[in-house]
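Q: Taking the hints into account, I'd like the entire structure generated from these sequences.
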Amino acid sequence: MNIFKSFILAVVGTWTLSAQLPSDIAFFMQKDKINPSNLSILIKNRANGEIVASLNPYTPRVPASVAKIATCYAALLEFGKNFKWPTQIYYNGELKSGVLNGDLIVKAYGDPTLRASDVKFFAQKLRSYGIREIKGNLIIDRSFFKNSSTITSGFDKNYVSEYNAMPDALMYNDHLNRFEIVPSKNGVNIRRSYGDRSYKIVNKIKAVNGSCRGSKAWPKIRFLRHQDCVDVVLDGKLSSSCRPIIINRVLSTPYKSFYYSFANYLNQVGIKFNGKLILATKPNSAKLLFTHYSKPLIKIVAKTLKKSNNLYARQIFLILGVKRYGYPATLQKSQRAIKEILGAKGVIDSSDYIVNGSGLSKKSRLKVTSAINIHDSAYRDFGDDWLHALSIAGVDGTLKKRFRYSPVKNRAFMKTGTLKRAKNIAGFVKSIKGNFYDVAIFYNGAKIWLGKDIQDKIITWLVKQ
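In terms of our numbering, the sequence shown has 183 at position 190, counting the first letter as 1, and numbering is strictly consecutive.
Each hint can be trusted.
When the alpha-carbon atoms are kept at most 16 Å apart in a straight line, the in silico EDC-like pairs for lysine to aspartate or glutamate are as follows: (1) Lys193 with Glu173; (2) Lys197 with Asp224; (3) Lys445 with Asp25; (4) Lys296 with Asp167; (5) Lys280 with Glu87; (6) Lys300 with Glu155.
Simulated DEER-style distance windows between Cβ atoms: (7) Val226 with Thr274: 32 to 40 Å; (8) Lys288 with Arg317: 22 to 30 Å; (9) Asp389 with Arg215: 33 to 41 Å; (10) Ala210 with Phe72: 43 to 51 Å; (11) Lys288 with Gly376: 17 to 25 Å.
What the hints contain is simulated information worked out from the structure, not anything from laboratory work. All C-beta atoms in this analysis are idealised placements derived from N, C-alpha and C, irrespective of residue type, glycine included.
A: In structure tokens:
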């Protein structure tokens, strides 16, 4: 062993009684001047259970999006990988000679993936039943969740960004409102996607001549926040030679977007509808027309983990509580349910705490030991379905651009997590020599780039073992 590295390891040994680190990892830490109290490491050889590296393994830390592995594994245990969310379409009143003298009713159960293409299919299916006119209203039943009164979590100043979207029993288009800014010689037009008029746009942009560069390449965009909607104010100058600009932001409630889209598609397929949006529970007298189902849970889990989709994780988290304690879904029910589900598997304990399922919280806590326990148990239960639901180094998800040009590419299957003072990673690493490792490295502290740097060094080193 290199004498200098031996000295470093001796120094590291004084940091904490729980340290068990190879000299190379100790050297990486010393070189980057990482405070060991900010770092937790646990690496195990899956073949024989040997601890390869350990530092502060029982210290609860802010997991950021690594918390999603707890949410997704609990859901797979509770519902099975082939579970599908239903969305039911009912009617109330009399349906005769192609005319519905009554209301159309949507019973929502929290499907996180419902989108415009599905709603268009709903309209087409109703038309295939011979319906030409709906004289009543559109009733949306969201009672499956105790829904938030706000559309955004407000976790940070980027309140209209996708990751801040709040859950809803009637989720639609990932809670995103889409519009296009289209410049031309005659002015700048705004195109709302899917007929969505659930939010207000004030367009003050002036079309100008010249190339699409600098201040003429992008307009000024302001967002004026209200409790259940956000107004958009567009201003400035935009070159008429610019291409259309697509904006996706959280601007209104998903059920209002759904209503406007559904009304738009109904009229497109030839069904006359001028009814209002009503929020109410499904009447007992309502008759079922059809049920739409989401894709299987395992596919939604893969998107949740690979893309680190906060909204999907929140939706999944909420159904855990409903399964055990009945509706409406609440955070409190789901917090209790996830402790019971994962506690029964022996993968978490009382010091682990998942607030909302997504990791977008400074209050959540998870140990590296628990992260490895979850991954290990999930892999035993679901095999490659779980492994390939994680981001693959240099290939997809949040690791698509990470390790792209290193030996780690295609050899690490991980869930990442990032907040202002947290940079975490946990999953599996396959070495060049054929060893298979459980890995969890959590960094909680300032200068989170230090966390990424030490993780990259350790994982690259491990691939060569």
